[in-house]
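So the protein sequences, as listed, match chains A and B. Just so you know, we're using our numbering here: the first sequence kicks off at 1 and counts up by one. Just so you know, we're using our numbering here: the second sequence kicks off at 1 and counts up by one.
Take the hints with a grain of salt, since some may be wrong.
Treat identical chains as interchangeable: a pair holds within one or across any two.
Straight-line distance between alpha carbons at most 30 Å, and here's what the computed DSS-like set of lysine-lysine pairs gives [claimed, not checked]:
{"#": "1", "residue 1": "Lys112", "residue 2": "Lys156"}
{"#": "2", "residue 1": "Lys139", "residue 2": "Lys156"}
{"#": "3", "residue 1": "Lys140", "residue 2": "Lys108"}
{"#": "4", "residue 1": "Lys97", "residue 2": "Lys140"}
{"#": "5", "residue 1": "Lys140", "residue 2": "Lys114"}
{"#": "6", "residue 1": "Lys139", "residue 2": "Lys108"}
{"#": "7", "residue 1": "Lys97", "residue 2": "Lys114"}
Calculated directly from the structure, the hints in this document are not laboratory data.
Chain residues, written in single-letter form:
There are 2 protein chains.
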Amino acid sequence: MPSIEAEKKEHSYVTAITLAVLLLVVLLTCVPYLVSIALAEGPPQNTADASPIFGVTIPPGYKQWELIAPAEEAAPLDELRAVVGNQTAIDAYQAGKLPFPDGTILVKRAWKRKQSPEFASATIPGAATTVQVMVKDSKKYAATGGWGFGRFIDGKPVDEAQHRTCWGCHEARARSRDYVFTRLAP
Amino acid sequence: MPSIEAEKKEHSYVTAITLAVLLLVVLLTCVPYLVSIALAEGPPQNTADASPIFGVTIPPGYKQWELIAPAEEAAPLDELRAVVGNQTAIDAYQAGKLPFPDGTILVKRAWKRKQSPEFASATIPGAATTVQVMVKDSKKYAATGGWGFGRFIDGKPVDEAQHRTCWGCHEARARSRDYVFTRLAP
Chain A
1 MPSIEAEKKE HSYVTAITLA VLLLVVLLTC VPYLVSIALA EGPPQNTADA
51 SPIFGVTIPP GYKQWELIAP AEEAAPLDEL RAVVGNQTAI DAYQAGKLPF
101 PDGTILVKRA WKRKQSPEFA SATIPGAATT VQVMVKDSKK YAATGGWGFG
151 RFIDGKPVDE AQHRTCWGCH EARARSRDYV FTRLAP
Chain B
1 MPSIEAEKKE HSYVTAITLA VLLLVVLLTC VPYLVSIALA EGPPQNTADA
51 SPIFGVTIPP GYKQWELIAP AEEAAPLDEL RAVVGNQTAI DAYQAGKLPF
101 PDGTILVKRA WKRKQSPEFA SATIPGAATT VQVMVKDSKK YAATGGWGFG
151 RFIDGKPVDE AQHRTCWGCH EARARSRDYV FTRLAP
């Protein structure tokens, strides 16, 4: 029966094409997401780079995050600073809703202040000093207002004694604002 | 000849399915790009919002751009500032290559300095003052080092006299750095 043979052949041909096209759909659909995930996640963190007490690490890609506000800290620290946040943080700031949701990450970058070589009246970033991170996880950090803290110099966490001071200060001075000092710059 | 009829029917069926699947491929592939374009472009600009002389507008979405550096400007301006840049600007800064390529956009946000209510030693952004934009287009702005300038208060460009001052100062003080004052914060 050559016609049944031919029909079978055609069927398997159709099946093969359909499968190939479906595979193409899946691949083309996934590629942009896979690329963004790969770009967003960056290299895995070493646990030696995690802060004492809290286990907070410097989040990959934070330099690309949106600015929440710059700040200046007078002598003796004499620093320029800039706080950036992940999308969860930005969304919460824009909605003006407290407390910040779990998953919020805030990163404060800091530099020694330096006079601009072109403008006597302008102060610009000198050497980078610290990177300070706050991570919201209301269960994991229930004892510290839901916040985990990390303070890093040259990418390495400072000692446990310094990390013991974070919560007391945030608790005492920023309780009414979910323990976060920085406001969204207008 | 019912077998030819059936074959024709099957063929048109296969064609329809293939077309439908291809349409699905195209749609699913394009959706992420269309979404990013829509999010990136924002609302169209009004020409009344363009700077005199240069026709520079405030670029949509600039608040999401990556930070290049914060700065502080002493009295009488007494401001905190933050310069952000589009991806072309960031790539050029990271490559350390001058001149900046066409398409570079730099935006300086500025705020009155204000003492933090929680920390006497900290200065934070008060009211927003100006937004200042530099756009690189070596042909369009050939007479001003390839740069177009815009200075905006409350989203509206300041007058022509103020815009006449931009180039002279950048030319005199930042010639060796493609007329850009701001350096990438380390």
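Going through the hints against the structure:
1. Lys112 - Lys156: within (18 Å within a copy, 34 Å between copies)
2. Lys139 - Lys156: within (25 Å within a copy, 47 Å between copies)
3. Lys140 - Lys108: The answer is within: 22 Å in one copy meets 30 Å, while 39 Å across copies does not.
4. Lys97 - Lys140: within (21 Å within a copy, 45 Å between copies)
5. Lys140 - Lys114: Result: close neither inside a copy nor across copies, 39 Å intra and 35 Å inter.
6. Lys139 - Lys108: Cα proximity of Lys139 and Lys108: one copy only (23 Å, versus 39 Å across).
7. Lys97 - Lys114: Classified as between: cross-chain Cα gap 23 Å, same-chain 36 Å, threshold 30 Å.
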